[in-house]
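There are 2 protein chains.
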Amino acid sequence: MGNPTAGMVVIGDEILSGRTRDANMHHLAGRLTAAGIDLAEVRVVPDVQARIVTALNALRESCDHVFTSGGIGPTHDDITADAVAAAFGVGVDVRADARAILAEHYAKTGRDLNAARLRMARIPDGAALIENPVSAAPGFSLGNVHVMAGVPSVFEAMVASVLPTLTGGAPLISRTLRVDEPEGEVAAVLNGVVGDHADLSFGSYPFIAGQVYGTRIVIRGTDEERIGAALAVLAAKFPGAVEE
Amino acid sequence: MGNPTAGMVVIGDEILSGRTRDANMHHLAGRLTAAGIDLAEVRVVPDVQARIVTALNALRESCDHVFTSGGIGPTHDDITADAVAAAFGVGVDVRADARAILAEHYAKTGRDLNAARLRMARIPDGAALIENPVSAAPGFSLGNVHVMAGVPSVFEAMVASVLPTLTGGAPLISRTLRVDEPEGEVAAVLNGVVGDHADLSFGSYPFIAGQVYGTRIVIRGTDEERIGAALAVLAAKFPGAVEE
Chain A
70 MGNPTAGMVV IGDEILSGRT RDANMHHLAG RLTAAGIDLA EVRVVPDVQA
120 RIVTALNALR ESCDHVFTSG GIGPTHDDIT ADAVAAAFGV GVDVRADARA
170 ILAEHYAKTG RDLNAARLRM ARIPDGAALI ENPVSAAPGF SLGNVHVMAG
220 VPSVFEAMVA SVLPTLTGGA PLISRTLRVD EPEGEVAAVL NGVVGDHADL
270 SFGSYPFIAG QVYGTRIVIR GTDEERIGAA LAVLAAKFPG AVEE
Chain B
70 MGNPTAGMVV IGDEILSGRT RDANMHHLAG RLTAAGIDLA EVRVVPDVQA
120 RIVTALNALR ESCDHVFTSG GIGPTHDDIT ADAVAAAFGV GVDVRADARA
170 ILAEHYAKTG RDLNAARLRM ARIPDGAALI ENPVSAAPGF SLGNVHVMAG
220 VPSVFEAMVA SVLPTLTGGA PLISRTLRVD EPEGEVAAVL NGVVGDHADL
270 SFGSYPFIAG QVYGTRIVIR GTDEERIGAA LAVLAAKFPG AVEE
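Chains A and B are the protein sequences, given in the same order. Per the working numbering, the first sequence starts with residue 70, numbered consecutively. Per the working numbering, the second sequence starts with residue 70, numbered consecutively.
Hints are not guaranteed to be accurate.
Which copy is meant is left open, so a pair is good if it fits within one copy or across any two.
Unchecked claim - List time: in silico DMTMM-like cross-link candidates among lysine to aspartate or glutamate, alpha-carbon distance up to 25 Å: (1) Lys306 x Asp194; (2) Lys177 x Asp249; (3) Lys177 x Glu250; (4) Lys306 x Asp181; (5) Lys177 x Glu254; (6) Lys306 x Glu200; (7) Lys177 x Asp194; (8) Lys177 x Glu225; (9) Lys177 x Asp166; (10) Lys177 x Glu294; (11) Lys306 x Asp162.
Keep in mind the hints are simulated off the structure, nothing from the lab.
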């Protein structure tokens with residue numbers, strides 16, 4: 070497509086243990102698609118510095134942007150800032166501007182800026198802060214890596230802060246046709262249509278709903294007119310199909 | 070922990086585009102934890118053979134087992150069998166036993182075993198089939214790689230077929246204490262307790278519920294008694310905390 074690419078590193082034992090179902094990947098994927106940035110790969114890694122560094126270095130090399138989720142709180146298992154500093158080979162320490170944001174926030178809420186909370190002001194050298202309108206403790210961007218909190222409401226607010234600062238490409242548009250026929254019936258027709266539309270991407274997703282074995286065909290691309298034409302061709306071949 | 074490790078490769082443009090929220094990773098994570106196998110890393114990659122091969126080769130090298138999800142249906146975008154064959158450097162072709170399973174299934178359901186469906190009998194050389202009690206088309210295991218469908222009901226059935234054949238370790242047990250205090254208040258106490266329990270793993274997960282900024286502390290390990298003792302120590306330090 071020629072659009073910029075992104076990678077994501079989800080940091081969290083709680084995802085890998087099955088305790089929590091990740092929500093941030095799905096949110097980021099949708100926002101990036103709308104912004105014309107292709108999410109090329111996601112890696113979910115545990116709270117282990119060497120594993121975070123490996124994933125970060127692989128994706129910041131292969132992608133235009135990398136987003137991380139998780140591990141920037143006040144406790145012993147929040148090691149993302151240190152991991153990012155290690156990946157870039159820079160120092161990390163409590164920084165005055167981040168500390169001032171926290172000090173103001175806790176003064177307002179009547180809480181102590183204690184030693185644990187001060188960990189959240191540890192920012193790798195050279196990073197720019199990402200605003201956190203929900204709970205103050207900032208994320209940060211270093212090079213092409215954008216470091217964000219794991220709590221979904223905070224993650225989402227940080228994505229909203231960062232995305233407008235990035236240059237996107239053409240938004241990826243998609244339209245979906247639901248055919249209440251099994252994928253094996255749909256495939257031959259679909260394979261024929263795919264060949265005539267090399268500029269579009271076609272996905273075929275079987276579903277089971279009660280007794281119905283059906284197929285959703287998703288047409289993706291950046292040219293609305295071409296997508297509409299392909300949808301019309303497919304709809305004509307599957308009477309009863311409905312757009313979703 | 071000394072438990073066997075697993076990696077997962079989720080294959081699917083539909084996840085990376087944000088169209089679909091992945092469910093299989095969460096399911097597998099829970100089942101593996103119960104079986105005493107540590108999920109060490111998940112990679113989500115697009116429907117592109119080279120990208121699938123890279124992820125597969127990295128994880129089958131670093132993990133005891135690898136599970137894949139998606140891309141084994143009848144359409145042009147179902148390329149997982151070919152990617153696995155390429156990763157292992159073996160051939161892939163329609164195989165008699167897989168074909169027989171499909172032939173019997175479609176004879177029963179009154180559908181044609183057409184050319185598209187026959188793609189689902191393409192099995193890499195040397196693989197063992199994984200039973201699919203939902204929609205017949207089998208998955209397969211090759212070496213330490215277990216290849217499964219993306220449709221959640223089928224994926225789950227295949228996990229249930231494969232897991233009992235693997236040797237697990239001690240099941241990872243976890244208990245959760247909810248403290249209605251912000252993570253920054255909880256951190257100092259928690260950091261103290263963590264040091265006394267090096268055989269356990271402690272996770273700290275902030276949450277926001279209405280006006281409450283709270284923290285869930287998750288204690289994980291394989292020794293039920295030790296976990297219970299640590300939970301009691303923490304509960305005593307946070308009056309009003311409740312186990313979830």
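Structure-based check of all given hints:
1. Lys306 x Asp194: neither (59 Å within a copy, 37 Å between copies)
2. Lys177 x Asp249: between (57 Å within a copy, 19 Å between copies)
3. Lys177 x Glu250: Between copies only: 17 Å across chains, 59 Å inside a chain, cut-off 25 Å.
4. Lys306 x Asp181: Answer is between; shortest inter-copy Cα gap is 18 Å, intra-copy 66 Å.
5. Lys177 x Glu254: Answer is between; shortest inter-copy Cα gap is 16 Å, intra-copy 63 Å.
6. Lys306 x Glu200: Neither: 50 Å inside a copy, 33 Å across copies.
7. Lys177 x Asp194: Answer is neither; intra-copy 28 Å and inter-copy 66 Å both fail.
8. Lys177 x Glu225: within (23 Å within a copy, 49 Å between copies)
9. Lys177 x Asp166: Within one copy only: 17 Å inside, 69 Å across.
10. Lys177 x Glu294: neither (53 Å within a copy, 42 Å between copies)
11. Lys306 x Asp162: Neither: 62 Å inside a chain and 30 Å across chains, both beyond 25 Å.
Of the numbered hints listed earlier, those contradicted by the structure are 1, 6, 7, 10, 11.
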